[in-house]
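Going down the list, the protein sequences come from chains W and R. At position 64 of the first sequence the residue is numbered 64 (my numbering), and the sequence of numbers has no breaks. At position 77 of the second sequence the residue is numbered 77 (my numbering), and the sequence of numbers has no breaks.
Derived from the structure by calculation, the hints contain no laboratory data. Built from N, CA and C at the ideal position, the CB exists for glycine as well. Since no wrong hints were added, every one of them can be taken at face value.
Heads up, simulated SDA-like pairs for lysine to any residue below, C-alpha to C-alpha not over 20 Å straight-line:
(1) Lys105/R to Met31/W
(2) Lys105/R to Arg30/W
(3) Lys105/R to Leu42/W
(4) Lys105/R to Ile117/R
(5) Lys105/R to Thr74/R
(6) Lys105/R to Leu41/W
(7) Lys97/R to Val34/W
(8) Lys105/R to Gly39/W
(9) Lys105/R to Ala35/W
Using C-beta positions, here's what the derived DEER-type ranges look like:
(10) Arg59/W to Leu7/R: 51 to 61 Å
(11) Val10/R to Ser26/W: 21 to 31 Å
(12) His22/R to Val24/W: 21 to 31 Å
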Amino acid sequence: MATQTNNRPLSPHLQIYRPQITSVLSILHRMTGVALAVGLLLLTYWLSAAAYGPEAFSRAQDFLGSWVGLLLLFTWTYCLFYHLCNGIRHLFWDAGWGLELQAIRASGIVVVAASLALTAALWISAFALEGTM
Amino acid sequence: MEMRSPLARVRGLGSAKEGVEHWWVQRITSIALVPLVIWFIFSVPTLIGTDHAAFRIWISHHGNLVLMVLLVSTLFHHAQLGMQVVIEDYVHGKGTKVASILLVKLIAILCAVSSLIALLHVAFST
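Turn these sequences into a full structure, and let the hints steer you where they fit.
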């Protein structure tokens, strides 16, 4: 009985286990998901402020346009793009595609690159449009 | 001894009576969120720094209102399902676990209803 227990597989000990692209991207998916969920409070505030009228809405818009607001929005959009891209990766896995180790590493790099590029593109276009609208 | 087949269990006949539903709804909402989130991101630049009147005109467009209502409801549903899994994995006390899951679900419902009513309120006000 004792030998049987000893032979059973163990989860990796996270404190001494070398981080790999698979494990790091996996926990990032969770962390960005939690951050996005917390960010929904900000979405609720913004939409509810609109219902309270022009003064409340312009206060909300001013807050979002302040450096604190912009920092929150920037973090939130990166989390959004990462969770979106990696979520699509997860959906492909659920369909049984791309589960070989090499494909997992390649798609991981694609997800990180795509999320960074999309965040940059969104913010560059947002600042470019700001003057015109 | 377990007398039921694995198929009977995943069909939702187990003691929790939900089978694979939680996992499945999480996938369905995530598939729905892909186009909704992409649409929202493309709409955001038109909303930066806008005033109340411009926001009201934007949300009064039937298509924008429909997509915002779908986005907000799907977003909150997906978020609370995900938060539930995170809590189930990391909170170990039985009482704290149930209490935090309930709290997350109540906050999600409160925020979702507040956001949805706000959208309708602004869209239908004259």
